[in-house]
Structures are given as C-alpha cells and as structure tokens.
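Student: Now for the letters of each chain:
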Amino acid sequence: MDRIPILRMGKFLLVTIQVDMHDRMAVELQDDLTNMITKTGAHGVLIDISSLEMVDSFIGRMLANISAMSSVLDAETVVVGMRPSVAITLVELGLPLTGIRTALNVERGMALLQARRAMEEQEIFDDSVEE
Amino acid sequence: MTLLRNEVVKIQNNEDIVQIRQIVRSWAVDAGFSLVDQTKIVTAASELARNTVDYGGGGTAELQLLNEGMRKGLRIAFEDHGPGIADVELAMKDGYTTGGGLGLGLGGSKRLVNEFEIHSQPGEGTRITITRWK
Chain E
1 MDRIPILRMG
11 KFLLVTIQVD
21 MHDRMAVELQ
31 DDLTNMITKT
41 GAHGVLIDIS
51 SLEMVDSFIG
61 RMLANISAMS
71 SVLDAETVVV
81 GMRPSVAITL
91 VELGLPLTGI
101 RTALNVERGM
111 ALLQARRAME
121 EQEIFDDSVE
131 E
Chain A
1001 MTLLRNEVVK
1011 IQNNEDIVQI
1021 RQIVRSWAVD
1031 AGFSLVDQTK
1041 IVTAASELAR
1051 NTVDYGGGGT
1061 AELQLLNEGM
1071 RKGLRIAFED
1081 HGPGIADVEL
1091 AMKDGYTTGG
1101 GLGLGLGGSK
1111 RLVNEFEIHS
1121 QPGEGTRITI
1131 TRWK
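Line order of the protein sequences matches chains E and A. Note that our numbering has the first sequence beginning at 1, numbered continuously upward. Note that our numbering has the second sequence beginning at 1001, numbered continuously upward.
Simulated from the structure, these hints should not be mistaken for laboratory data. Certain hints may be false.
Cut-off 25 Å, straight-line C-alpha distance, at most; resulting in silico cross-link-like pairs (DMTMM-like, lysine to aspartate or glutamate) [as the list claims (entries may be wrong)]: (1) A:Lys1134 <-> A:Asp1030; (2) E:Lys39 <-> E:Glu28; (3) A:Lys1093 <-> A:Asp1054; (4) A:Lys1010 <-> E:Asp23; (5) A:Lys1072 <-> A:Glu1124; (6) A:Lys1010 <-> E:Glu53; (7) A:Lys1010 <-> E:Asp20; (8) A:Lys1072 <-> E:Asp2; (9) A:Lys1093 <-> A:Glu1079; (10) A:Lys1110 <-> E:Glu53; (11) A:Lys1010 <-> E:Asp2; (12) A:Lys1093 <-> A:Glu1124; (13) A:Lys1093 <-> E:Glu92; (14) E:Lys39 <-> E:Glu120; (15) A:Lys1110 <-> A:Asp1087; (16) A:Lys1093 <-> E:Asp23; (17) A:Lys1110 <-> E:Asp23; (18) E:Lys11 <-> E:Glu121; (19) A:Lys1134 <-> E:Glu92; (20) E:Lys39 <-> E:Glu76; (21) A:Lys1110 <-> E:Glu120; (22) A:Lys1072 <-> E:Glu53; (23) A:Lys1134 <-> A:Glu1007; (24) A:Lys1110 <-> A:Glu1079; (25) A:Lys1134 <-> E:Glu28; (26) E:Lys39 <-> E:Asp2; (27) A:Lys1110 <-> E:Glu92.
Please put together the full structure from these sequences, using the hints given.
Tutor: Here it is as structure tokens:
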C-alpha cells in the first residue's frame, strides 16, 4: 500500500494509520489531508494511531503539522488511540506535542469533534439572533 | 560480556528506516525487553537511522545481542561516511539542527537508552552506538 486512505464521515475525515509509515508516506498523508479538507469542507479530522507501535520525531512532527494546517483551514484535528508505551517514549524523547488534541479512542474523539462543532453552530445561531 | 548474535544491516533510504525499526523490534522481543523498553530502543533506532540517511548519506547499522551476567542487552552501532559532525556538543542539544528536522534525534535518542556513544570526524563520518539493557 502506497498511501494512507482517508475516509469521509459526514462533516469529518477519518484516517486510520495501519502500517509502519516511511517518511515519504507521512508527508504524502499530510498533503492528501490538507487537500481533502479543502475539497470536502470538512470541519474535523480524526487520526487513529492505535496500530502504531512507535511514533518518532518525524511522525510526531507530521501529526503536529496536520493539526496546525487543518486549524488554518477551519478544521480541528484529534489524534486518538495512542498506546501507553508510545506516549511514555514520546515524552522521554522530548517531543512537544503541544497544540495536538488527543482522545483515548475513536468514539471519544468523534464525540469531541461533534461537541465542538455543535458549540460553534450554536454561536453562529446566537450571533444571527442578536442581529 | 558475551556476544550472542550479530548482524549488519544497510541503511540507505526511507524503506531501510522502516526495516531497521522492525528488525530492532524483533531483537528487543528476543532479548525479553518490556513493551516500553522495546518502544524506546525502536524509537531511538528510528531517529538515528534517519540521521544516517539524511545527514550521513547512508551507512550501516550493526546489531548486537549481548549477555552480561544475568542481564541481556541490545547494542546498535550506526555508521556512515558522510560529512561528520563539526560540533558534537552542539549537535546533542535539543532543538539544534542543520537540516529541516526538530533537532531531537541525538539528544532524544540518548534519553531513550542506557548507553550512548558518539564519535565523529569531520570529513570522515559518524559512528553512534546505543545500548539498552534489560
């Protein structure tokens, strides 16, 4: 498999990384995702890394990049399913995953995105009522 | 200290970085490492293999399964004949990079292992040896 598939679920995009990615693949995913957000107007991206046995600084940076790029494109990214051993290693590696939203699993991540979306829509509604 | 097993693996490209991660993982399992320790040495190996490709222009990784008294260890030596590192002390600092990376590879991988040795000669290459004991 050359590329990581991106699934569309309503207003959100779902990516499940199931292979040990080489660096070029990670960069392609970053590009593909930003393109997909623009094309679909998605409001959220869910990245499931529960199959990943390790996250090094390159993959960590890719996740941070995706998160930053999607927020510029008005979409929130949530990274879900990080294994405890991966989390421990990342912290010791010194990787600042600040700015990346995480959730324990896909279900909670999806709930987070939906809650966030509902809140925004409510704000838009409130604003228009005030006018 | 006795050497139980020895293998030299080429590290030339992106795919080789993935391959070395998988080889190190299986050796770490054989050494009886815990899941966290497996993950640490695999991550350190991934960082250093990437340095070998990106900065050293490719090279080799020599894996050694060691036995010392009651404990087992996994030692990996990454070697390249690239430009070398002019200021090793500076290169070890977090956040310092001459490439486009985060500058966490050397300092970060040192924190993930028990022993870390670096020899670099400008113009001749770099040899980095890491060891993790069970």
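Student: State for each hint whether it applies.
Tutor: Outcome of the hint check:
For the given pair, A:Lys1134 sits about 11 Å from A:Asp1030 by alpha-carbon distance, which is consistent with the 25 Å threshold. Between the alpha carbons of E:Lys39 and E:Glu28 the distance comes to roughly 16 Å, so the proposed pair stays at or under 25 Å and holds. In summary, the hint linking A:Lys1093 to A:Asp1054 is supported, as the alpha carbons are separated by about 18 Å, within the 25 Å threshold. Of the pairs offered as hints, the one joining A:Lys1010 and E:Asp23 holds, with about 17 Å between alpha carbons and a cut-off of 25 Å not exceeded.
Under the criterion of a C-alpha separation no larger than 25 Å, the hint pairing A:Lys1072 with A:Glu1124 is inconsistent with the structure, at around 32 Å. The suggested pairing of A:Lys1010 with E:Glu53 holds, with an alpha-carbon distance near 22 Å, which does not exceed 25 Å. Among the hinted pairs, A:Lys1010 with E:Asp20 is consistent with the structure: their alpha-carbon atoms are about 19 Å apart, no more than 25 Å. For the hint linking A:Lys1072 to E:Asp2, the alpha-carbon distance of about 37 Å lies beyond 25 Å, and the restraint is violated.
A C-alpha spacing of about 20 Å is found between A:Lys1093 and A:Glu1079, which places the hinted pair at or below 25 Å, so the restraint holds. Between A:Lys1110 and E:Glu53 the alpha-carbon distance is near 20 Å, which keeps this suggested pair within the 25 Å criterion. Distance restraint check for A:Lys1010 and E:Asp2: the Cα-Cα separation of roughly 22 Å lies within the 25 Å cut-off, and the hinted pair is therefore satisfied. Straight-line distance between C-alpha atoms of A:Lys1093 and A:Glu1124 comes to about 22 Å, which keeps the hinted pair within the 25 Å bound.
Distance restraint check for A:Lys1093 and E:Glu92: the Cα-Cα separation of roughly 14 Å lies within the 25 Å cut-off, and the hinted pair is therefore satisfied. Distance check on the hinted pair: E:Lys39 and E:Glu120 sit about 21 Å apart at the alpha-carbon level, within 25 Å; holds. At most 25 Å may separate the alpha-carbon atoms for a hinted pair to count; A:Lys1110 and A:Asp1087 meet this at roughly 17 Å. About 23 Å separates the Cα atoms of A:Lys1093 and E:Asp23, which keeps this hinted pair within 25 Å; it holds.
Proposed proximity of A:Lys1110 and E:Asp23 is supported: the alpha carbons are some 22 Å apart, at most 25 Å. Straight-line distance between C-alpha atoms of E:Lys11 and E:Glu121 comes to about 13 Å, which keeps the hinted pair within the 25 Å bound. For the proposed pair A:Lys1134 and E:Glu92, the alpha carbon gap of about 18 Å is at most 25 Å, so the pair holds. Distance check on the hinted pair: E:Lys39 and E:Glu76 sit about 16 Å apart at the alpha-carbon level, within 25 Å; holds.
Only pairs whose Cα atoms come within 25 Å are accepted, and A:Lys1110 paired with E:Glu120 is rejected, the gap being roughly 44 Å. At most 25 Å may separate the alpha-carbon atoms for a hinted pair to count; A:Lys1072 and E:Glu53 meet this at roughly 22 Å. Under the criterion of a C-alpha separation no larger than 25 Å, the hint pairing A:Lys1134 with A:Glu1007 is consistent with the structure, at around 20 Å. Note on A:Lys1110 and A:Glu1079: the hinted pairing holds, with a Cα-Cα distance of about 16 Å set against a maximum of 25 Å.
Simply put, A:Lys1134 and E:Glu28 have alpha-carbon atoms about 37 Å apart, too far for the 25 Å limit, and the pair is violated. Distance check on the hinted pair: E:Lys39 and E:Asp2 sit about 21 Å apart at the alpha-carbon level, within 25 Å; holds. For the given pair, A:Lys1110 sits about 10 Å from E:Glu92 by alpha-carbon distance, which is consistent with the 25 Å threshold.
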